[in-house]
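So the protein lines, in turn, are chains A and B.
So that you can map any letter, position 452 of the first sequence is 452 in this note's numbering, and since no number is skipped, the others follow by simple counting.
So that you can map any letter, position 254 of the second sequence is 254 in this note's numbering, and since no number is skipped, the others follow by simple counting.
If a hint is listed, it holds; no wrong ones were tucked in.
DSS-like mimics (lysine-lysine), calculated; alpha carbons at most 25 Å apart, straight line:
no.	chain 1	residue 1	chain 2	residue 2
1	A	K306	B	K117
2	A	K395	B	K265
3	A	K483	A	K175
Hint data in this document are derived by calculation from the structure and do not stem from the laboratory.
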Amino acid sequence: MKPIIEMKNIVKTFSDNVVLDHVNFTLNQGETRALLGVNGAGKSTLIKILNGIYHADSGEIYFEGERVRINSPQDAEKLGIRFVHQELNVCPDLTVAENIFIGHLKKNRFGFYDEKGIYAASQDLLNQLEINIKATDRVGDLRAAEMQIIEILKAMILNSKVLVLDEPTSSLSEKEKVIFFNLLGTLKERGVSFIFISHFLEDVLQISDHATALKDSRNNGEFDTKKTTKEELIFAMMGKNAIQKERIEAEKGNDAPPILELRNLCSSGKFRNINLSVQPGMILGVCGLLGAGKSEIARAIYGLDKYDSGEIVYKGEVIKNPTPEKMMKNHVAIVTEDRKLEGFVPLMSISENITLSTLRRYAAKLGFVKEKLRCAKSLKIAQSVTVKMTSDKQKVESLSGGNQQKVIIGRCLESDPELFILDEPTRGVDVYAKTEIYNILIDMANRGVTVLIFSSELEELLAVCTEIIVLRSGEIKERVQAKETGKAELLSLIS
Amino acid sequence: MIKKKNSILSSISEYAVLIGIVVVFIIGMSIASPYFLTFTNITNIIQYVSTYGIVSIGMLLVILNGGINLSVGGTLAISAYIGCSLMLRGFPWYVSVLVCILTGMMVGLVNGLAVTKLNIPPLIATLAVEQITRGVHLGLAQGAPLTGFSQTYLNIGASKFLNLPMAVWWTLLLYVIFFIILYKTCFGRTVYAVGGNPMATRVSGINNHKIIIFVYILAGILCAIAGIIVTGRMNSVAVSIAKGLDTRCITCCVLGGASVTRGGKGTIIGCFLGVFIIGLLQNSLDLLAVSSYWQEFIQGIVLFLAVSADFFRTLIARRKKK
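Only chain A is shown next, with the shape it has when bound in the complex (with noise of 0.2 Å):
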């Protein structure tokens, strides 16, 4: 196979800091390479060189077998490269037609906007494609996965040869991902070519041709992902295997009376008759598509959004109207779903985050902070819930996704929760990271918390939880023991 991109000896350096040590990075035409490496690795500084957001130090990009030089994103989009990034950028209130050729609109011969002409070629994409949805439709109406495939059908008109797709299936559920991995097959077959970065490795393995990891800077492997293994990409990453820890199973707990009940909960267009209990001290998943009403339910419980009917119970008590500020003085805590959106305040440090919800703890006469205690006190949980900073005063906002989460979660911890809900933990968090945040609730589940994870994430909760709940459309289809079910099993009990 020829290379359509070559990075040979990319040097990059951030004042004393080396970024990226002679890096090599290959990729052939019309295949599908992973780019691997934790966070700080040099992956994304190796795909901004490309972008030309960053210039290298040294070293050369040939594309096509030719040397050139990428000083702006619009010179790599003239080459024909074209990035498709984690967030998504589409304007929900424009039809899918105007999404696909936003800036490229097409102009007819009198110099007006030609409506009929970008409709017509969209609708003539979506049907090549096979994509069973409309050029009239409303973005905003869409699903996540849907609007994934807008973003790189904005690239398709461009009849690029290189798609980066950063994260990409980071917001996809499993059924969305099928859908979305077919879409990637047809247009290889027409000859394009794709780096896939990504920290979910199940979908490397599934979707990419080869590999190629980066740790601390430097190279650290090739791979044929059709010969290796999950560990052997793991170890390629960090140089080292994470291990989880063993769940301890509560021998008393499961006679004891549940420590939250829901009763017929309803809520009308989002989920239905929903009765589960949850003993003290066990580790509940909560399994479903978008959509099925994960999300919903978690945020009803802890009074983030209104429900219709039905009754919540905790330690034996029916909870009226349920309010965060209520829930929390109840000893119940909340990882949600938006880590961005709701997750911390980024302008405060690490340690002000932590105690977020706790201050009034530290408070002297007058409501005047002891500061000294409050800080020692979440330096500890900081510290515990490992957290990879430089300072306890840093910015969150500084963090990566992965120790964002676990500043998060050590916010939970510090208000010293006896219920612990977690929504979607680990989205966009990088492998290692995961395993550490898995510990943690392991950890305090044998301490005697009580852990419930909405999650879509089969295997996260194939691995951490005692019992699952399988939803559906809103309504509970199944409860399973999580070590007699396998992912296929699961897999098909939801969708």
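Using the hints provided, position chain B relative to the given structure of chain A.
Just chain B now, kept in the frame of chain A:
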């Protein structure tokens, strides 16, 4: 110890630009006008800034909390008017002070409830309240100013202590109090947190509404206090009292580093320096005999520059990170 020194240095460097502006102003003006550096003139400046200096504290709280308050002028006018009209009907001075502050509180409460419970954007809610309060004041006053207050009442803002007008002492005292509240108390830190990301604080079990309402009430009280001081100094409640106060206070806060687009950013020291700079500017323009019609224009330019400074600051910070 070294660490502590560093943090003091770094916090000074944070205000370097503002302090620089103050120094440039003082040097430039002392050359331009011999009268500038006299004790009387400096006292004048501080006394002049006291009104909106106090109101700016309230404005800063609201901005930090993620809102904006356009009703400060109306709040000041209505509280001063109601308080003073009671005094003219024979009530003792302390009753009118109390009623004045209560009125400020009530207006703040209305703002707070409108923003939280009715979920009206702060810009619109406070704009409406501004017009309502101004309207009530005009309606009650029928265009006539109030004058002739008791001497004790006037003394609150106008008498002197240690050769400095009381207005100056009140302003300094309130700045110290709110410095402590913002940095050392749970409430102050929570104000920053709610402004920084209200969704996160809600999930963390903080009652955002309570905090926001309380912040608007404090802002109302501060307007009322400023009202007492300014009526004391003027010995009248004019119909046009505190006109343009909102823009001026927003200018001070933004000049001092607060961000109108993103809550949780800004400091009380920055706000104080902002107030001081605006005072210097006003005083300089007066001394240089710039027509008051053009002064309005110059203040608009300053607000514009202050807002763009915020933009450039973020840009530079982002460059540094890269």
